[in-house]
Structures are given as structure tokens and as C-alpha cells.
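Colleague: Sequence:
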Amino acid sequence: MLMAVFVEAPWSVIREATPVLIDGKSVAILDRSSAYWKAKGNATWGDAIRGFRVSMVAMGGFGLAAVTLELFDVVDDFYAAKTSEEKNVIIVKGISVFAMGVGSTFQLMSGLSPASTFTIAAMSPWFSVALLVIGSIYLFTTMALNYFKQDSVGWWLRKCCWSTTLDYRYAETADGEHEEVRALMEIQLSPQVHVKSTVNYENRYLGKGDYYSVAVQNGAGVQVRLPNVLRGQSVHFNIVSTKRPWGVLPVEKIDQPTHEAFLDRGQFRKAEQFGTLTNKPAGKASEDFT
Numbered sequence: 062m063l064m065a066v067f068v069e070a071p072w073s074v075i076r077e078a079t080p081v082l083i084d085g086k087s088v089a090i091l092d093r094s095s096a097y098w099k100a101k102g103n104a105t106w107g108d109a110i111r112g113f114r115v116s117m118v119a120m121g122g123f124g125l126a127a128v129t130l131e132l133f134d135v136v137d138d139f140y141a142a143k144t145s146e147e148k149n150v151i152i153v154k155g156i157s158v159f160a161m162g163v164g165s166t167f168q169l170m171s172g173l174s175p176a177s178t179f180t181i182a183a184m185s186p187w188f189s190v191a192l193l194v195i196g197s198i199y200l201f202t203t204m205a206l207n208y209f210k211q212d213s214v215g216w217w218l219r220k221c222c223w224s225t226t227l228d229y230r231y232a233e234t235a236d237g238e239h240e241e242v243r244a245l246m247e248i249q250l251s252p253q254v255h256v257k258s259t260v261n262y263e264n265r266y267l268g269k270g271d272y273y274s275v276a277v278q279n280g281a282g283v284q285v286r287l288p289n290v291l292r293g294q295s296v297h298f299n300i301v302s303t304k305r306p307w308g309v310l311p312v313e314k315i316d317q318p319t320h321e322a323f324l325d326r327g328q329f330r331k332a333e334q335f336g337t338l339t340n341k342p343a344g345k346a347s348e349d350f351t
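Be aware that the sequence shown starts at 62, since it is given in this note's numbering, and climbs by one per residue.
Note that these hints are calculated values from the structure, not bench results.
A quick note: this is a predicted structure, and the numbers were derived from the prediction, not measured.
From the three backbone atoms N, C-alpha and C, an ideal C-beta is built for every residue, glycine too.
Any given hint could turn out to be false.
Simulated restraints, written as ranges between beta carbons of each label pair [to be verified]: (1) Val260 / Thr178: 49 to 57 Å; (2) Ser258 / Val190: 15 to 23 Å; (3) Gly336 / Ser185: 50 to 58 Å; (4) Val260 / Met204: 28 to 36 Å; (5) His297 / Phe133: 53 to 61 Å.
Computed list of lysine to any residue pairs in SDA-like fashion (alpha-carbon distance at most 25 Å, straight line) [what the hints assert, rightly or not]: (6) Lys143 / Val163; (7) Lys331 / Lys220; (8) Lys220 / Gln249.
Build the full structure now, drawing on both the sequences and the hints.
Modeller: Given below as C-alpha cells:
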């Protein structure tokens, strides 16, 4: 889509341009710069070359940046994978991401050097077909990963004594049975967490006396439900918050502490109210809704 919108118009001019005779030599449109053709009075060719170069450099640079960030996620997923099926799919996904990076490199180089063979390859119909196939493989592997990934319960079922996957079963020893029971108890005693962003609505000026309402996030509500067997006991846990810088960079820990908000506004509520957060900020910690 980007190729069609940003590149097709200037490329159609370049593709249809015929060489001209200058000082007894045949000169093609890509043999000279945009400034040269404008100086010769051919503004159409000059604008076409400039538009083509800007579009290709922008697409290639954006593609390489996206591929680099995606490769970080692929590497993290590979080391976090638990089964061979997941690792095999991640490898295929990584290859498709690398191939898209190669395609973006061709686009970037064709923008930097329009007269090179990179331009011939990048503007070939087969190049677009190849990118379409690679993109389809990427989407398919992403869907396959979502299918193969398992939560803690699914992973325990894969490893338990009656599982059909012999490669991942717990050892048929006393230690293996103890580990199986311990893992099940860990699942049963794990807390549940529900998070919902809170927003306030602001009016933004649209022009000509019109306004539109915009939801602006001003915080978040967090609910933690502990198992019933822990009732009446003291539970110690750490509160760690994370963020994804710019929405695309790898997740990192937030240095600003968040436990003060839990101490100031933490409330005990009935278990039936779990998952029913509203858009209103929480009250004081002294309020008890149980």
C-alpha cells in the first residue's frame, strides 16, 4: 500500500521517461540529479526523482527500524519458549522478519542511489510479490505462536503424569511427584490481577466553532484477588510497574515507586466485585467495602 501511494506517481514518470541527447551523449533520467533536471528546465523529471528518493528512503528507513524492534521481540520470545514447536515457529518468524529487513534495505539503497541495480530490484513486480509472501508467512507464524503458547495451567497439564507428551513429563520419581504437586499448588495459590485504565474526557477545538471529546488517561485501577486459603494471613509481595517506551521499544521497569498509591488508596472489597472496576478513582484506604 505504501509503495502504491507514495512511489507509484513519481515512478510512473521515471519509468516512462525516455533518454535525451545532451552534448552528444544519451542521458537517462536517473543518470542525473533532481537539481540538474530542474536547472535544465525539466521540473517534472526533477520533482519525480526527488519524490521517488524521499519516499524510498522513508519507507526503507521505517522498515529497518520496525524490523530491528521486531527482532528484539523475536529473540526474547525464542529464549522464553518452552516447547520445540514454539522454537521452530519462532525461527521461521525470525527468518521472515530478516527477509523483510533485506527488502527494506533494498528500498533504502534505491532511494539513496536511484541509478543502481537496487532500484531495478526494488521496483520489480516480483519484489512486491516476494514481500507479500514474506508478510503472509510472518502473519501465519504469529498466529501459530498464539496457538502454541500455553498458560501456566496448560503447561502443567503438558508435564503432568498422565500427559501424552512424554518429552515434557515430570520424572516418575518421588522428586518428580513432589515437583508436580508443588507446581499445581503454585497455580492454585497464584493471585489474580485485573487492571483497567481510568480516563477523563476533554473537549478539543476542531475548528469553525466545533469541539470533539477526547479520552485522556489519568491513571489506572488495579485489583488483586488472593486465594481463600490465605484469608487471615499476612502476604508479602513486591509491586513492580513496567512501561514500553514510545509504544514500540522493549518493556522496561519504571523506577518511580508505586507502592504509595496502594498504601494510600488500597481497599478491601468482596470477591464478587473482582473485575468490576469503574472509571472513578479509588477512595481512601480507610474505607472498607467488605
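Colleague: Going straight from one Cα to the other, do Lys220 and Gln249 come out at no more than 25 Å?
Modeller: Satisfied, since the Cα-Cα distance of roughly 16 Å is no more than 25 Å.
Colleague: Is the straight-line distance between the alpha-carbon of Lys331 and that of Lys220 25 Å or less?
Modeller: 35 Å, violated
Colleague: Taking the CB of His297 and the CB of Phe133, does the distance hold inside 53 to 61 Å?
Modeller: 33 Å, violated
Colleague: Is 49 to 57 Å a correct range for the gap between the Cβ atoms of Val260 and Thr178?
Modeller: 52 Å, holds
Colleague: Using the beta carbons of Val260 and Met204, state whether their distance is inside 28 to 36 Å or not.
Modeller: 31 Å, holds
Colleague: Can the restraint linking Lys143 and Val163 be considered satisfied, given a maximum Cα separation of 25 Å?
Modeller: 29 Å, violated
Colleague: Against the range 15 to 23 Å, how does the distance between the Cβ atoms of Ser258 and Val190 compare: consistent or not?
Modeller: 42 Å, violated
Colleague: A range of 50 to 58 Å was offered for this pair. Does it hold for the Cβ distance of Gly336 and Ser185?
Modeller: 53 Å, holds
In the structure shown, a violation is registered for the earlier hints numbered 2, 5, 6 and 7, in ascending order.
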